[in-house]
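S.K.: Top line first, the protein sequences correspond to chains S and U. The first sequence begins at 21 in this note's numbering and counts up by one. The second sequence begins at 141 in this note's numbering and counts up by one.
The set of hints was computed from the structure by calculation and includes no laboratory data. Any given hint could be a false lead.
No farther apart than 30 Å at their CA atoms in a straight line, the calculated lysine-lysine pairs in the DSS-like style are these [as the list claims (entries may be wrong)]:
1. K231(S) / K24(S)
2. K202(S) / K392(S)
3. K160(U) / K24(S)
4. K160(U) / K231(S)
5. K142(U) / K160(U)
6. K214(U) / K392(S)
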Amino acid sequence: MNMKKATQLALGIVTGVGGFFDIGNLATSAQAGASFRLQLLWALALGTILVIFLIEMSGRFAAVSGKALPDAIREHFGFGFWLVPFLVLTLVHVLVLASEIGGICFALHLLTGLRPAVWALPVAILVWLFLWRSIFSTIENSTSLLGLLALGFVVAAVQHHPPSGELLAGMLPSLPHHDPAKYWLIAVSILGSVMAPYLFYFYSSGAVEDKWDSSYVGVNRGIAFLGMGFGSLIAFAAIVVAALVLAPRGIEVDDYHQAAMMLTDAFPFWGFILFAAIMAIACLGAGIEVSLSMAYTTAQTFGWNWGEDLNPREDARFCLVYTGAIFLSSLLILFGIDPLKLTLFTMAISAFVLPFVAIPFLLLMNDRKLLKEHANGWISNTVAAFLLVLSIVLAVVTIPLVFLGGS
Amino acid sequence: MKRLDLFRDVLDKQVTDREKTKMGRVDGLVLELREGQPPRVVSIEMGFVVLARRLHPRLADWFLRLRRRVHVRKQACYSVPWSRVLDVSPFCVQLDVEAAETPAFDWECWLRDHVIAHLPGVAK
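The task is simple: from the sequences and hints, build the whole structure.
M.R.: Quick look at the structure:
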């Protein structure tokens, strides 16, 4: 492996960690731990295995074919077929982006006491400036390095000495002792937050931006496994901390204020500030990725010029898509929608739309004309088939669960 | 003879200009039916209205009505004769045109001059 690839691998892993952990993981982990202690760890473990495969496939696809997913799906299945996933993906992008912006606003609220809605526009401008003024690699590296602050959760989890028996038991699915609808809704939301559609769509466009070719297949595998694995470790730690700090006190998370207490036992003086900082930075990094993902998807769907490394004068429409998306999303927060409720609703919707966005992608992974010897083998296809069935089950059960276990 | 599958290799593919600037996708294909001879591809079409027509004719009508109020794009459907096609590769259909001078780039240029240019921090 040459130096450039080694650097890419290292950076990719850091990006994975930084990009993986976002407001969706934070909210669902806090809720899961507070309400069901370690009993929902299995949902996170299952989601992590599946997202490792999804990311690996999406990166392999981009490296071998030289095409990002939206580009290839429209080309291979036609506009009529791609339209539904495209519209669904657009809706999810806006909702997730609003949740991330809401997360940053809430973190600032924790630090300053000003209402989250007050921060909506300043935060929108901040996210926009990152995209407007930076180039792709700067964005990737700066936000993901700061994202490592989230390892604070891992440190806290270790300090609390989680009971190993309960940890292991949580890794296996079990039936809840109370509130079954809420239990399953959180399980679904965890899966939706871990297998976030923007994650694997964004990743393929990123690989094209970084000009990967078939020689990156190995590097890609490393990034998918280690990046997503480490990222998930943080979400894992967040569940553990919520279970050991919030659950014993009977605190259920129906407001981010309660979640903010998670780190104060492990870090008495600055736990609160650390929580706010992690929340703000994780959401900023993810917000930037989601905005870019939305712009990539739209530009590729219509064949416009795209690329974060181009000057905005060269890809006006691409830049205006993320500009519009950021300001539209911030309006939801400006109008006072509760950021936590929005996040939990969005994660359920993310799970609901999985079949629409994942099925065309999984079909493409078997196109031997495009991927040649790098097309899916039997292991990837077994996982893909399982994912297909699971995503359909999720789509069917999610909406009833939102009403039954509703937040 | 090189074989080209219209549906798989041409329709919906990325279109670029001479300089490889991405300028749209092959939204439609037009064939000419000739007496006693096989049909021939005469042009490719690009534009939202072409896409709308693929979904539903009424959607295309609605689009055309909307266009009467917005005068950015010179033609709703940009039709390029097949003779201007330079190359069909696995990545794109390359045309012998200059993107910025075609209707496919009218919106891009308009937004660049009327919106992007007024935002702070854009190099002139």
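S.K.: Assess, step by step, whether the Cα of K142(U) is no farther than 30 Å from the Cα of K160(U), and give holds or violated.
M.R.: 23 Å, holds
S.K.: Take the C-alpha atoms of K231(S) and K24(S), compute the straight-line distance between them, and say whether it is at most 30 Å.
M.R.: 12 Å, holds
S.K.: Do the alpha carbons of K160(U) and K24(S) lie within 30 Å of each other, as the hint requires?
M.R.: Measuring from Cα to Cα gives roughly 27 Å; hence the hint holds.
S.K.: Between K214(U) and K392(S), is the straight-line Cα distance small enough, at 30 Å or below?
M.R.: 42 Å, violated
S.K.: Taking only the CA atoms, is the gap from K160(U) to K231(S) under or equal to 30 Å?
M.R.: Holds, at roughly 16 Å.
S.K.: Quickly compare the C-alpha distance for K202(S) and K392(S) to 30 Å and report which way the hint goes.
M.R.: 45 Å, violated
The structure fails hints 2, 6 (numbered hints given earlier, in ascending order).
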